[in-house]
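Trainee: Read top to bottom, the protein sequences are chains A and B.
Residue 115 is where the first sequence starts when you use this note's numbering, and the numbers rise one by one after that.
Residue 115 is where the second sequence starts when you use this note's numbering, and the numbers rise one by one after that.
By construction, these hints were calculated from the structure, which means they are not laboratory data.
Note that the structure is predicted; figures quoted are calculated from it, not measured.
Some hints could be false.
Unchecked claim - Computed footprint of chain A on chain B; a stretch qualifies when at least three of its residues, placed anywhere within it, have a C-beta under 8 Å from a C-beta of chain A:
hint, region
1, 703-717
2, 910-916
Stated by the list, open to error - Think about it this way: if two alpha-carbon atoms lie no more than 25 Å apart in a straight line, the pair counts; the simulated PhoX-like pairs of lysine-lysine are:
hint, chain 1, residue 1, chain 2, residue 2
3, A, Lys824, B, Lys900
4, B, Lys895, A, Lys769
5, B, Lys599, A, Lys172
6, B, Lys593, A, Lys769
7, B, Lys599, A, Lys769
8, B, Lys593, A, Lys765
9, A, Lys847, A, Lys834
10, B, Lys900, A, Lys750
11, A, Lys711, A, Lys765
12, A, Lys824, B, Lys593
13, B, Lys765, A, Lys172
14, A, Lys597, B, Lys765
Using N, Cα and C, we set each Cβ at its ideal position, and we do this for glycine too.
Number of protein chains: 2
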Amino acid sequence: MKKYVYSFEEGKEEIQDLKKRVEILGGKGANLAEMSGMGVPVPPGFTISTEACHEFSKSKEYPEGMQDQVDEQLKKLEENMGKKLGDTEDPLLVSVRSGAAKSMPGMMDTVLNLGLNDVSVEGLSKKTENPRFAWDAYRRFIQMFGDVVMGVAHSKFEEVLEDIKNTKGVENDTELDTEDLKNVVERYKKVVKEAKGEDFPQEPKIQLQKSIEAVFGSWSNPRAIAYRRINEITGLLGTAVNVQTMVFGNMGDTSGTGVAFTRNPSTGESKIYGEFLMNAQGEDVVAGIRTPKPITELEQVMPDCYKQFIDIANNLEAHYKDMQDMEFTIQEGKLFFLQTRTGKRTATAAVKIAVDMVEENLIDKETAVMRVEPNALDQLLHPTLDLIAKEKATILAKGLPASPGAAVGQVVFSAEDADKEAKEGKDVILVRIETSPEDIEGMHAAKGILTARGGMTSHAAVVARGMGKCCVAGCGDIKINEKEKIFAVDDITVKEGDYISLDGSTGEVIQGELPTKDPKLAGNFETLMEWADSLRTLNIRTNADTPKDASTAIKFGAEGIGLCRTEHMFFEGERIKAVREMILSEELEGRKKALDKLLPYQKEDFVGLFKAMGERPVTIRLLDPPLHEFLPQEEKDIQEISEDMNVPVEKLKQKISDLHEFNPMLGHRGCRLGISYPEITEMQAKAICQAAKETGAIPEIMIPLVGNVKEFEDQKAVVKKACEDILADKPYKIGTMIEVPRGALTADEIAEHADFFSFGTNDLTQMTCGFSRDDAGKFLKEYQEKGIYEKDPFQALDQDGVGQLVKMAAEKGKKVKPDLKLGICGEHGGEPSSIEFCHKVGLSYVSCSPFRIPIARLAAAQAAISSR
Amino acid sequence: MKKYVYSFEEGKEEIQDLKKRVEILGGKGANLAEMSGMGVPVPPGFTISTEACHEFSKSKEYPEGMQDQVDEQLKKLEENMGKKLGDTEDPLLVSVRSGAAKSMPGMMDTVLNLGLNDVSVEGLSKKTENPRFAWDAYRRFIQMFGDVVMGVAHSKFEEVLEDIKNTKGVENDTELDTEDLKNVVERYKKVVKEAKGEDFPQEPKIQLQKSIEAVFGSWSNPRAIAYRRINEITGLLGTAVNVQTMVFGNMGDTSGTGVAFTRNPSTGESKIYGEFLMNAQGEDVVAGIRTPKPITELEQVMPDCYKQFIDIANNLEAHYKDMQDMEFTIQEGKLFFLQTRTGKRTATAAVKIAVDMVEENLIDKETAVMRVEPNALDQLLHPTLDLIAKEKATILAKGLPASPGAAVGQVVFSAEDADKEAKEGKDVILVRIETSPEDIEGMHAAKGILTARGGMTSHAAVVARGMGKCCVAGCGDIKINEKEKIFAVDDITVKEGDYISLDGSTGEVIQGELPTKDPKLAGNFETLMEWADSLRTLNIRTNADTPKDASTAIKFGAEGIGLCRTEHMFFEGERIKAVREMILSEELEGRKKALDKLLPYQKEDFVGLFKAMGERPVTIRLLDPPLHEFLPQEEKDIQEISEDMNVPVEKLKQKISDLHEFNPMLGHRGCRLGISYPEITEMQAKAICQAAKETGAIPEIMIPLVGNVKEFEDQKAVVKKACEDILADKPYKIGTMIEVPRGALTADEIAEHADFFSFGTNDLTQMTCGFSRDDAGKFLKEYQEKGIYEKDPFQALDQDGVGQLVKMAAEKGKKVKPDLKLGICGEHGGEPSSIEFCHKVGLSYVSCSPFRIPIARLAAAQAAISSR
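Please take these sequences and the hints and turn them into a complete structure.
Mentor: This is the structure in structure tokens:
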């Protein structure tokens, strides 16, 4: 017979392996077991395993033998406590709590005081000689059980309570006497009967059974599922159920309850932090009717208890070697620990605690590095909205948290307006249905960007992250009218010039002008980063197109540029004219003339980049997007450009129509452009080489979208000729993006000719999964909800699918050329789980946007430690 | 020292392996060697190998040792013939001919009479006692050498000849006497000097060297390269050069020349076929000034020669076991064979000859099956344009030969017009910039389809091939003005109602109404197909959506339906209204109501198909295209539909805008639709099952675009529920398309749940290569010219890239489920090289459009034979 139920003592003894114990007993159960074993005063009880929940989820029945085991453990508990569940003299009361291997607020939390009924309430009353306490406990039990187990709306109970208080003319629950509470109990039972058509169960074993089933059931409720999806929690069996003897903090002045952290979870300060209330139950601390007192004041109130508490807290931290979050209750002078767990903390606190604990010789540097969630660092690198102000403000809508940080400003609806208003010194938020490369300057000028369409890797999102600029994307709830320069959310209309605030870390769009807080990179941060750098083997590069981005990236620790996109350079000022002139030329000569105009600009771009990067390597990708992106789409712009360039509108329209593509993503772009128009490749190669000659840099020239070795050979020949003419024997490298599945499949052929591969996992994901990142927004959320993809494959590399191709290409490439340099420059280069994958498959570096570099450094160190 | 030059005798002796001999000596050289060895009277000579050409192409120099070997062979030839090159008494004259391993009209062909110069012409004159012959030979030599070796325009020589004839007042060359010809020679030499700035070379060894270099050079000329690309000739080293003693058919009445085939190359009739001219050179036969006589008449003129000729011809055919194409010359009563090679033949002849030869016990059935080029069968299955009429007509433009056959009719510019005019009994050609699913009915009604945009696998092309209807696609030279209902090619304008003719096998668009010829499937065809069927192991299915297509396919030998697309069914008549109603419903209930209207139609569709197919398996693919394809795009249509459906224009436009996709190919389609709207899958599954129940069919339900096993599981559950409700325990299958790279990569996971895989190689090619078939037209032609892809990957499966995924998926699938049924239903299912690949990787069947089934049957048989 499989064992599903463990007393707290058995848990510790029978499941030695801590990881396994957490898996089977859940975090809470494992900690209760551990504490019992350590001699910490814990109210006795038992835990029903996550495996039982797993079985229950499948069959909707208790697994075989579980009921007997529960009965047996209950019997032992009754013997141990000398009390019996439902007893008319001295009833045993228990709590029932859920507890998965990872903390999950989405699930059913707690039922307290279980075991009370119309008879045992009298027993409790007699035994405690406190009828009011007994009836209050009973009414609390009915309310909790009714709400969380039976599904009766919480408000229905509140209405009864309000009604009785009003009738009596009092304000607080505490002012109700025993008779009032008996009345409450009667009416609560009616509420249950009316709402559910059945009586509140009097039989304690039924109460227990229903509570256990409710905990099991809550594992699969939509909130819990959504929580797991959002927090990327996968691979768990289910939740455990903890049944524990009740202790009461509300049994008089020598009773009390509280919560505390061994260190400050907000700042990380190494000092006990928490609060308590005397003569109160845990829920009273949360309810906010009485103001809890700082934990340190307990010393005055109950010095012995306080001393015992502090000793145990210190022991627990030393035992777990991490900051603990504890719940305790004092029942008539006796201290009980109800729970201890690793405390949640802010990023600031996480960094400080990790560094402090190394200095305290509690943990080593590797452990410290493993302690900080890389993504949490994001909080430290961007300004944030003032949380208190945010709580009071109106959240207009919620989009995708496309680029973190906060932005506050006046709304504008076009890139030109953004540019204009910003030049007048205003803070503006650029609001667009979607952005396109033409909007780059406006995006630069804006404090933040809000789009109605597009996913986490839409143009707006990618560019904003590159700029380290706050962006909320794909906010479908806002209806933009660009002509009238307004947007609406339900019945609220926001006009041009109105203030809004964006939270790029949550995706929230907030009405009005909220205060923000600037990030502070403390010394601890630097220390942790240094440790990470000493542990990682992956190099960290950045995706940067401008000297400014490059400098930011270096500040954050970039060791090179992994991807410099050259197309953004084509949009600035006079350049776009030359680009359009080139596109509109039917003859080679005309194109060359236009390209000659671009050459000096391009060269200066690269000189700037090379100078900013110093000795660090710089990989420059040749022109990638289809040419139609450089032509206007709007009638108005076509007219304007027609006049500007002195080209008939008809001709312009004809060209736009000729260049139209059904699927631009799969169109005439990347190296295909260079093969059709070698003169473009030639100009870019020349500009790179001239800049390299001037600065002494060793350029890495990257040919995009290669799917066939012959494409690479063709373009390599063009680049090589240009380079040899200018650089003669000076070193330079020519490599390629692996971003087309066929490129990965034939990587061995390509490796024979290429100096390096850089995995363009954005495009590789699109083509391998067969969905465009701009269009997938329509179904990817649903896909995640249904568990088809556990994570958004545009954010976290799809290791099962796309990863196969990355691995295959890396292996095929290295087989042909063992010293082939391998990197990744897709969005995934800054995402921790993807970085771990890159480490495992043997890449040399990851490249990400400047603001994600610290995250990447930490994730790379964690990957190195984990794979030891 | 490597051997580059072989006398004809050495060729046969030293290179025993025939394949290798052809590779090294070229087809012509190998045959001359073979004939020499067989004792056929061949003028002696030698062959310079293709390897020499290969070396020359790289270094632009003769490979080491070659010059010496040429000199040596020439010396032996002079000794053998008792004549010397350039001799003043009795000069040796030679011909120089190119000859690659495959016949290639694009290269330099022939230089005759080499060895003549101002001195040796006199020697020839004396020796033959025929000064006119000698001087005529000399002027012919200068003209040929000047043209093909030195690159002097042919017309310049013709001008001189015309001038001299005019001056003398004669019409034919034959009327010029010796003095006239001396004059011609003088002026020809001046032409050369003026055009090239150098003298016509007098030194015979220089003449020979330059001729050899010219042949080598012609291997790389653009015409030859284009020819190889168009005819998919790859893997050859270069061309060989044949240097052969001249014999003359123009040395009097006992001399003559001719060409002949051992069987009729047009009909296949087993009877000598050819023509000859007495006292003439080969070029005279071609020039058409004198009318050649049928070869049989030679019996009267020179009975001994004829008998010898017939004996040798029979010997050659018996030796090569194939129909021979021979050139011969009779010099003063002595017969010489200049060449023999496998004769080109029409498809009709190929089939008849193959069948006849089996009956004559000359070859076995396997050989017969290997003898017919599968693609050539296409000619036999479609009507064709009358070739003689076509030669006289104006070719307006040339597009892609998207669907073979011929079509003649009056031009219309919209699907509605096509439908209307066709109903009035007119033959119409539908001319569109591109077609969309809305045009289906008009395409059905038209005799042929002409589009300005789109490739070989564009909508128009795919649908037309499916219908067996002539289509010329992507004809960029025609400028269509749909509003004014005209199209223009250069300065020719074609109006609505004008007649045009299409040749779907060549892509030609011809002005006017040409006569056509209907196909005749003779008994030989049936016989060959039976043999093929007995030899092949692959099953052949068809892609068919209607009972009509299904019946056609069965007539051609289809053994099942591999792909029934259901989306076409959504466009007919009332259905499209219900489809739009579904799309416009925001609520599930509304969608279900609309789907309920579609259900009976769908069921009847499937009943029709199942009935047409009888016991044969039918694979039905669930809805695949994105929903926006079912909504109108044109303002006019939006207005109309808005009124028709009583839906506000604004709402319609909003929905169209909501459904807009950046890359529809990678958008919300395939199983993604079914996952978002399970009710669509449910309706289709119900319709299929109801039809199966009614007809007793065992349906194979195919879920499209699966890239993730969980997508498949999700949709399988929906289908299964619908099936079980209707079919109870009756058998049915649920499988998937493998068309997304990720689907192939994770085929092992998918195979656990799927009954079958069908490779959708159209989409798989698009995603693996990263180019959309609708957009790739812009660069794929250039890619083929540059050799980046040898063949259009949308026509012939890209075995190196896409093929890897097919092979991988087949292997992964079979590993998990050894009896997994595997098929292919992309366009490649009807293409011979792809069929061979499918055979090799172990697929169970290929599926193609009805009209390609015979091709597939033959190709499958050839694959089975080749892989033995």
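Trainee: Does each hint fit the structure? Answer for all of them.
Mentor: How the hints compare with the structure:
Under the rule that three or more residues need a Cβ within less than 8 Å of chain A, the assignment of the region 703-717 of chain B is violated, with 0 such residues. Coverage of a stretch by a chain is defined here by at least three residues with a beta carbon nearer than 8 Å to that chain's beta carbons; for the region 910-916 of chain B and chain A the count is 4, and the condition holds. Distance restraint check for A/Lys824 and B/Lys900: the Cα-Cα separation of roughly 9 Å lies within the 25 Å cut-off, and the hinted pair is therefore satisfied. A distance of roughly 20 Å separates the Cα atoms of B/Lys895 and A/Lys769; the hinted pair therefore holds under the 25 Å criterion.
A C-alpha spacing of about 65 Å is found between B/Lys599 and A/Lys172, which places the hinted pair above 25 Å, so the restraint is violated. Only pairs whose Cα atoms come within 25 Å are accepted, and B/Lys593 paired with A/Lys769 is accepted, the gap being roughly 14 Å. Pair hint B/Lys599 plus A/Lys769 holds up; C-alpha atoms about 22 Å apart against a cutoff of 25 Å. Between B/Lys593 and A/Lys765 the alpha-carbon distance is near 14 Å, which keeps this suggested pair within the 25 Å criterion.
Taken as a hint, the A/Lys847 and A/Lys834 pair is honoured in the structure, with Cα atoms around 9 Å apart against an allowance of 25 Å. Proximity of B/Lys900 to A/Lys750 is assessed by CA-CA distance (about 40 Å); at most 25 Å being required, the pair is judged violated. Annotation: proposed proximity of A/Lys711 to A/Lys765 holds, straight-line Cα distance about 22 Å (limit 25 Å). Proximity of A/Lys824 to B/Lys593 is assessed by CA-CA distance (about 34 Å); at most 25 Å being required, the pair is judged violated.
Under the criterion of a C-alpha separation no larger than 25 Å, the hint pairing B/Lys765 with A/Lys172 is inconsistent with the structure, at around 44 Å. Of the pairs offered as hints, the one joining A/Lys597 and B/Lys765 holds, with about 19 Å between alpha carbons and a cut-off of 25 Å not exceeded.
Checked against the numbered hints above, the structure violates hints 1, 5, 10, 12 and 13; every other hint is satisfied.
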